[in-house]
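S.K.: Sequence:
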Amino acid sequence: MALFHKITEYFGPQAEDAGVHLTIEAAPDCLIHADPRLLHRALLNLVANALRHTPAGGTIRLTATMDGDTSHLQIRDTGEGIPAQLLPRLGDRFLRVDEGRARATGGAGLGLAIVKGILELHHGAFRVESAEGIGTTVTLSFPFPP
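The numbering of the sequence shown is this note's numbering, which starts it at 1 and goes up by one.
Calculated lysine to any residue pairs in the SDA-like style (CA-CA distance at most 25 Å, straight line):
| id | residue 1 | residue 2 |
| --- | --- | --- |
| 1 | 116 | 146 |
| 2 | 6 | 78 |
| 3 | 116 | 1 |
| 4 | 6 | 74 |
| 5 | 6 | 30 |
| 6 | 116 | 72 |
| 7 | 6 | 52 |
| 8 | 6 | 16 |
| 9 | 116 | 78 |
| 10 | 6 | 125 |
| 11 | 6 | 35 |
| 12 | 6 | 51 |
| 13 | 6 | 113 |
| 14 | 116 | 11 |
| 15 | 116 | 38 |
| 16 | 116 | 127 |
| 17 | 116 | 65 |
| 18 | 6 | 58 |
| 19 | 6 | 27 |
| 20 | 6 | 128 |
| 21 | 6 | 139 |
| 22 | 116 | 32 |
| 23 | 6 | 66 |
| 24 | 116 | 59 |
| 25 | 6 | 48 |
| 26 | 6 | 72 |
| 27 | 116 | 51 |
| 28 | 6 | 45 |
| 29 | 116 | 68 |
| 30 | 116 | 3 |
| 31 | 6 | 29 |
Distance windows between CB atoms, simulated:
| id | residue 1 | residue 2 | range |
| --- | --- | --- | --- |
| 32 | 70 | 23 | 18 to 28 Å |
| 33 | 13 | 40 | 16 to 26 Å |
| 34 | 121 | 88 | 19 to 29 Å |
I should point out that these hints are in silico values taken from the structure, not numbers from a laboratory. Even glycine gets a Cβ: it sits at the ideal position worked out from N, Cα and C.
Please take these sequences and the hints and turn them into a complete structure.
M.R.: Structure representation (structure tokens):
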């Protein structure tokens with residue numbers, strides 16, 4: 001998937017400096033029915049978050065798959081994880097998982113709200129699974145138009 005390659009080229013130097021591995025696994029026939037600029041913006045936000053919260057030696061994996069009439073993009077990291085009580089609120093504007101951590105690593109709490117809005121424009125779904133100390137997986141699902 002060409003967009004994944006653009007994302008890894010963009011973040012490659014930063015990931016290398018941080019000691020984080022960026023990998024891609026994309027089904028060759030995976031098609032995403034979405035505005036390319038908006039999809040690029042969503043992926044930039046998600047990978048930036050993953051990179052900000054994944055320690056040296058960790059991995060960020062971008063995966064693209066098809067399931068019937070839906071395409072799925074996943075950004076999976078081996079980072080800090082997110083407390084379970086905050087998972088239902090992810091995507092709320094200005095939500096910061098940890099105020100102190102947000103100040104130290106940057107971020108205004110808008111990135112996931114932007115991603116959620118982009119998915120809503122495409123009638124897609126946004127799901128986050130996370131465990132503290134293990135990592136986070138964000139799945140973006142895009143249905144094919146009827």
